[in-house]
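A.B. asks: What follows is the residue order along each chain.
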Amino acid sequence: MSSHNESILREPLITGKNITYAKVTDDILLPVENKPNKAWWIGFIVAALGAMLWVVSVGYTFWTGIGAWGLNKTVGWAWDITDFVWWVGIGHAGTLISAVLLLFRQNWRNSINRSAEAMTIFAVICAATYVVAHMGRPWLAYWIFPLPNQFGSLWVNFNSPLVWDAFAISTYFTVSLVFWYCGLLPDIASVRDRATGLKQKIYGVLSFGWNGSVKTWQRFEIVSLILAGISTPLVLSVHTIVSMDFATSVIPGWHTTIFPPYFVAGAIFSGFAMVQTLLLILRKVMNFEDYITMFHIESMNKIIMTTGSIVGIAYLTELFVAWYSGSEYEMYAFANRVAGPYAWAYWAMMTCNVISPQLFWFKKIRTSIPISWILSIVVNIGMWFERFVIIVTSLHRDYLPSSWAMFYPTWTDVGIFVGSIGLFFTLFLLFLRFLPGIAIAEVKLLLKSASLQQKTKLAQEGAFPAEQVQHFANSLDKYDSVTQEDINALKQK
Amino acid sequence: MDSNKKYWKGLEELQQTPAFVEKSKGEFAEPIPVEDVLNEAGLSTKTPRRDFLKALGFGLGAVTLAACNRTPVHKAVPYVIKPEEVTPGIPNYYASSFNGQSVLIRTREGRPILVEANPNAVGLVQGTESATVSSVLDLYDMTNKLQNPQIAGKDVEWSKLDTTVKQALVKASNSGKQITLVSRTINSPSTLQAIAKFKESFPNTNLVQFDAISYSGIRKANEQSFGRAVIPAYNFENALVVLSVGADFLGTWLDGEEHTQDYIKNRNYKSLEGGKMSRHIQFESGMSMTGTNADVRIAVKPSEEGAVLVSLYNEVTGSSLPGALTGNQRAATAIKLAAQELLKNRGKAVVVAGANNVDAQILANAINVAIGAYGTVIDLDNFSKKYQGSEDAFATFLADANAGRVGVAMFLNSNPLYDYADTKVVKDALSKVDFTLSFADRADETASELKAIAPTSNYLESWGDESSREGYYTIVQPTINPVFNTRQAEQSLLVWSGNIINIFDFVKNVWETQILAGSAKKWKDVLQTGFEYKGKLTANAYTFTGNVQGAATNLQAYAKTLAGEGFELSLYESAAIRDGRFANNAFLQELPDPVSKVTWDNYVALNPKDIEALGLGENSVVTVEGNNYSVELPVLAQPGQALGSASVAVGYGRTKVGKAGNNVGVNAYPFATVKNGVTQTAAKVKISKVSRTYELAQTQTHHTIEGRNIIRETTFAKYLKNPASESGRFADSHKSYDLWNKFESPGHKWVMAVDLNACTGCGACIVACNIENNIPVVGRDEVRRRREMHWLRIDRYYTIEEDGVDYTKEDDIANLNDFQNVKVVHQPMMCQHCDHAPCETVCPVLATVHSSEGLNHMAYNRCFGTRYCANNCPYKVRRFNWFNYWNDSRFDNYLNNEFTQLVLNPDVTTRSRGVMEKCSMCIQRIQAGKLQAKIEGRPLKDGDIKLACSGVCSANAMIFGDANDPNSEVSKALRSERIYYVLEEINVQPNIGYMTKVRNSFEA
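These protein sequence lines are chains A and B, in that order.
In terms of this note's numbering, the first sequence is numbered consecutively and its last residue is 493.
In terms of this note's numbering, the second sequence is numbered consecutively and its last residue is 1004.
The hints are simulated quantities; they were obtained by calculation from the structure and are not laboratory data.
Treat the hints with caution; some may be incorrect.
[Claimed, not checked] Simulated coverage check for chain B against chain A, where a stretch passes if three residues somewhere in it have a Cβ under 8 Å from a Cβ of chain A:
(1) 695-705
(2) 874-880
(3) 979-990
Quantities reported herein were computed from a predicted structural model and do not represent experimental measurements.
The C-beta atom is built at its ideal place from N, Cα and C for all residues, glycine as well.
Throw the hints in and build the complete structure from the sequences for me.
C.D. replies: Encoded structure:
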C-alpha cells in the first residue's frame, strides 16, 4: 500500500532497531515454529480444563433438559442468552478492525487484525453454541433454516427475529471466517516456505498454492477490499438483529427503539476490550512489543472510551424515555432495574461500563498497561452485566405481578459460561500455536513507512524540520518498547 | 423386389482383405474371453465371483438378522365381540357419586379418566370441588394400595381372611364382648343396611361414627336449641346478608361447594345486572378462602370469636350478655353496622359460626332466630347428613376397649392413629382389643397397626350409594372391575355375617325397597340420572330453647384459656387435601392453597407484623409448642391474619399414605383437644425461632397488583350508579392502529368471560384442567423453582388497607404497621388467545399459530423450545417442559407410574421435554362438540361444549362460548359494562374478558 515516506508527526507503528523483513517473519513465526513455552502450556491446560467443564455442563444439559439451568416459568432466558449476546458482542471487534479500519486506511490495524479476527471467529463459535444449547430440543436446531422438508409445507416464520438472528449469525460467521482465512494465505505460505516435511505439506495445502506472484498479490488486495466491503454492513447488522431479539417484543425494558445503535456501540465496546485483554498478554508473552505498540494500546483505549460513552448515554436515554413515556410498566421496569432486587447488577453494569472507561480521559491511565488490562476486563464484566440486566431484570418482573419471580443460576449455568471462556481460550491458544498471531505480510507493509527505524533514518538524514522531530521524540515517551537511546538516535546526524 | 443395394461395414469388407476374411469366420469379430473367465484362473483372482456372492449372502443374512431385533409391540387388539356401547375413541359416562356429590364418570375404553359434575343435579349436591375432580387418580394409586387382604402384614386369600375374621367375631360374640365398627360418618343407606344385616348376626355390634373434622358442636347446639341434633342446610341463595364468624363456608366448612353455588347467585353478573348483591361480612383469625371473598373482613383472634357473637347478639337483640368484645374498635364498629344490616334484612340474613363449640353455636342460633334466618336460610328439616360423627361415642369406645370389653374393632374410612387428637390413647386402647381390622385400601397409620386389613375397593369399583342431605340419594356405580384383589367393605360385612348376596343385588334391593318405594322411578332410571331427590320437606317451626346466658359465660371462660401470653393457634382444614384423606393425591398436593398459594406443605401463618416482632424473616422455621405437643413448621407471612394469632392446616404430616403424601408437612391434629365431647381446634401456643430455614413452594410470590389496572374493582354503590364503574368502558373514542392483519374468524370464535365476582378462588378448575389436559405434576422442588406446569392459575392479589387508604405497592407496604385489613381478589389467568398474540410473531418455526376460530394453537411437534414465546407473553401463561416430566425418574409424578398413567386423557397428547405448552381452550372438547353436532346434522348450540375449567366451576365464573353467536351466554356476558380486558392497552387483543370485581362494602 504505502511505500511513500510518512510524516514524522505520525507516531511509529513498529518500534525496535534493525527490523528487517526477515526479522519480522522470524519474530512473528517464533511461536509457530518452535515448541511452546511454559506460559503457553499453563494457559492451555487451564483453558482446556475450562473447555472440559463446558463439555460436561453442556452434555449434562443435553442429557437432562434445560431444567438443569435456573430458568423458570417467568424468566425463560437468563445466562444462556446473556452469554450469547456477550460473545456475539465481543465478536464485533474483529470485523470492525479488519474491515472498517481497512476501508478507512487505518494502518495501525495491521498488527492487531489477525488476532482480533481470530477472536471474532472463536467468540462467534462460543455464541453459536448457546443458540443450540438454549433450545429445548437442540437436535432439531436445523429447523431454524428454511430448508425444504418432508413435514408438509412447514416453513420458518420470517416475522421472528430469531430467524433473522440465525441468518445474521451464520452470515457473519461465514464472512468473518473467509476474510480471516484469505488474510492468512500469504502468511501460511511463509510458514510453508520455511517448514519441512509433513508440516510443509500441511501448510502447503492450507496456503492454497500461494506463489507470491504479483498477480496473486493483486488479487489478494482486491479480495480483501471486497470482503471488507461485504463485512462492513455486517458490523452494524449483526448486533442490530441481535438487539431485535429483544426490541421486537412487548416486554417493558426490551421493547425499545434505541436498542440497535446501543447494542452495536456496546458490541464494539466489549469487542475492543476483549482485543485489549488478549493483546496485552500476547505482546508480552510472545515478545511482540515492537509490533503491538503503545500507540495501538492507546488507540484502542480511545475507542473503548468513546463507545463506552455512547453506551452510557444510551443507558441514560433509556431511563429518560422510560420516564417520558408515561407508561407505568416501562417506568416500573426501569425503576426496578435501578432499585429492584437486581439493582446490584444494574449498578455493577453502570460502574463497569459508564464510569470505568471515563478513566481513559487521563493519558497516564490509557497508556498504562496494567490499568488498561484491568479496565479491559472490567468492561467485559460490565458488558456481561448489561445483558444480564436487560434480559433478567426485564423478564423477572413484567406485566402481571403474580408471575414475578427471581432467577437463581445453577452450577450448570455457571459451568457453561465459565466453560465457554475456557473453550474460547483453548481455541485462541491453539491458533497462536499453529498460525501467525500477527499478519506478517501486512506488518511488512509498514516497515518502510511507519516504523521507528525508518523515521529515525529519515530524521537523521534531515528530512524533517527539527521541531517536528522534537514533537515526534516527545510522543515516544509513552512507548514501553522505545528506549532513551532510541530517542536520542533521532537527533544524531 | 429385392434391393441390390449392398452395405458394407468398412473398407476392409469392400476390399475383402485377408485379415477381414479370417476374422469374419467367427461369430464375433474378436474372440470373447469366456474361457478365461470360467477357467480355474478366473476363480482364483483376487475377488472371485463366488467370494463376492458369499460375502453378499453373508451381508444380507447379517443385516437381516440385525434387523430381527424385536421392536416394541404396542398391542391394539380390537374387540372380538364388541361390548355394547364401548366404541374406541368415544367416551362413556356413568353416573356415580363421591363424597355425597352427584358426578358423572367419563370412561374411555373401560378406563375412568375424569370425574365431572352431574349436570342433572345442578342446584343439588353436585360434584365440582377439587377433591372430587381429582378422586379419579386415587383409583390408579396402585403402588401404594394393597393388592390383597392382609393378616399381620402378610398377603392372604380372602377365604383365609374370612375364616379368621369370622372366628374372631364368633369368639367376641360368644364371650359377650362388643364388636365395634369405627367409621367416618356413614350416610349410605346400603352401607347402613349392610351394617344392620351384620348386626342381625352379631347383635353386640356397635357402630361408632367419628369424623376427624368434627361438627358435633353444631349438632349438640341444635339439640339444645331446638331439640334436633342435626346439622341444618344453609340456603345462602336466600341470604342477602351473610355474616360468618370463623366459618370457611365457601371452602371447607360443611358443604362448601354447595354453599358456593347458592351464595354466588346473589353476587354474580346476573344478580348484579338485576341490581342485587348480597353483603358478606367475615370475622376470622386466619385468612380463609371465604374471608378472601368477603365484602368486609375483620381480623379477630380465636379468643375473640365468642365475644364477637356475644356483641352481635347484644346488638341484635338489645340485651347485654357478659363477655362482649372489648378493645377492638374496628370489629366493634363492624358489629354495630352488621347488626343493623341483619335486622334490616330480617328473614334474608344469616349468621354462621365456624367454631366447633356448642356455646358459640347456641349464640349463633339465637342470633339467627332473632333475625329470622330459620325457615328461609337455615333449614333444620332438610338437614345435612355429611357429619354425624360423635366424639362421645368414640370416647366411649376407647373406654370400653381399655376396659377389655371390646372383642373386635373394625375401622372403615377411619384413621384415628393419624387424625385423633391423642393417638397414644387410641394405641393403648387398641392393644387391649382381641382382634382389630381395617377396611383401608392401604396400610395407613391405623391399618398398619392392626391385625388384619380387608382392603375395600375404590368407589369407582364399587356399588353403593350416599345420602349427604335429607331426602337426597345418590348412587355409586362401578366404572371398572376391581383392579386388584379387593372387596368392598359392605360385601365383606355381608359375607362375615353369613349373608350370601352379591353387593349389586343388595344395593339394588335397598334402593327398590327403601329409596324408590312409592316413587315412579325404577332402578335403571337411577343408574342413568344418578340420584333420587325426594323434594324438600316443609319446614317446621321451632322454638329456641338454648341457654344464651350460659353460653356467653362459657365462651368468656373459654376465651380466657386461649388469651394471654403467646399465640392463639387455630387449626383449619386444608382446602386441597382436606382432613388428610387425599394426602396421596399428587394433583391436590400441587394445587396451590387458594389464599397462600403454597403447595406440598403446611406452615404456620402469622401476621407479617408478628413475624417481624419474632425476629423472623423469609423461609424462617419456628417451633410451635402447646397442648403438650411441639412441631417445627415453616412460617408464612399472611396478610389478614389477626395479630397474635397463628393458623396451621391439618391433613399434613401423614407417614403411611403413599409415596406422594408421606412426610409432606407435619401433623397438627395433636394441637386439638376434645373438651366435653367436642373437638376444639384452637389452642394456646408458644412460637419460637429455629435456626434452620425452609423454603415453601409457592406458585405466587408477589402478592399485590402494584397499582396496575390488571384488576379493576368497584363498589356496589358505584356500580348501581354506573355499571361501567372502574371497568374502563367509557366513551369509545380511542382509535387503535395495527401493524398486523386482522385475523378473521368466519365460523366460530371461541372466547371466554370471567366474572371476578363469582370466582371464589377454590381451584377446582385447576385440577380439572390438569386432569383433562394431562398436565404433569412436578413436585415441591420444581414448584420452588417456579416451574409448576398449570395451564390455568388463579392469581390472588392483596390490597392492604391502613387508616382507610388502600396500598398495593411494594414500597408503600414495606412501611405499613397493620396487616390485618386486607382486600383480596382472585383472578383466573390462562392463555388469553390474543388476536395479536405476541407469542405467535416471535416463534421462529411457527409452532404457535392462530386458528380461524380465534384460538392460539400450540403445535408441540414443531416446537424446538427457544422459549421466546413464553418470554414475550405478557400474561406469563406459557409453560415449558424443563425436563421429560413423563419419563424422568426424578419426578415421581403420576405420569411416569405405569398405573397412574392410566388416568391420562387419550384425546390429549403428552408433551416431551423441551416443548412449550399452554391452555388450548380444551381444543379436544371443542372438536368433539363440533363433530357431535355434525354427526347429528345440526348447528352447534351454545352450551354444547364445556371446557374442563368452566364445566367444573359451580360458581359459573368462567363462561365459555362462541362470540360469533350473538345469543350465546358468553356474548351476552361480554356485552356487560363490567367487562375489561387485562392489559388491553398493549393491544394484544386478548379474547378473555374479565368483569370488574364489585364489593358491597360498608363504606359505600
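A.B. asks: Look at each hint and say if it fits the structure.
C.D. replies: Hint by hint, here is what the structure shows:
Judged by the Cβ-Cβ criterion of 8 Å, the region 695-705 of chain B is covered by chain A as claimed, because 6 of its residues qualify and three suffice. For the region 874-880 of chain B, the proposed coverage by chain A is satisfied: 6 residues have a C-beta within less than 8 Å of a C-beta in that chain, meeting the threshold of three. Using a Cβ-Cβ cut-off of 8 Å, 4 residues of the region 979-990 of chain B lie near chain A, which meets the minimum of three, so the contact claim holds.
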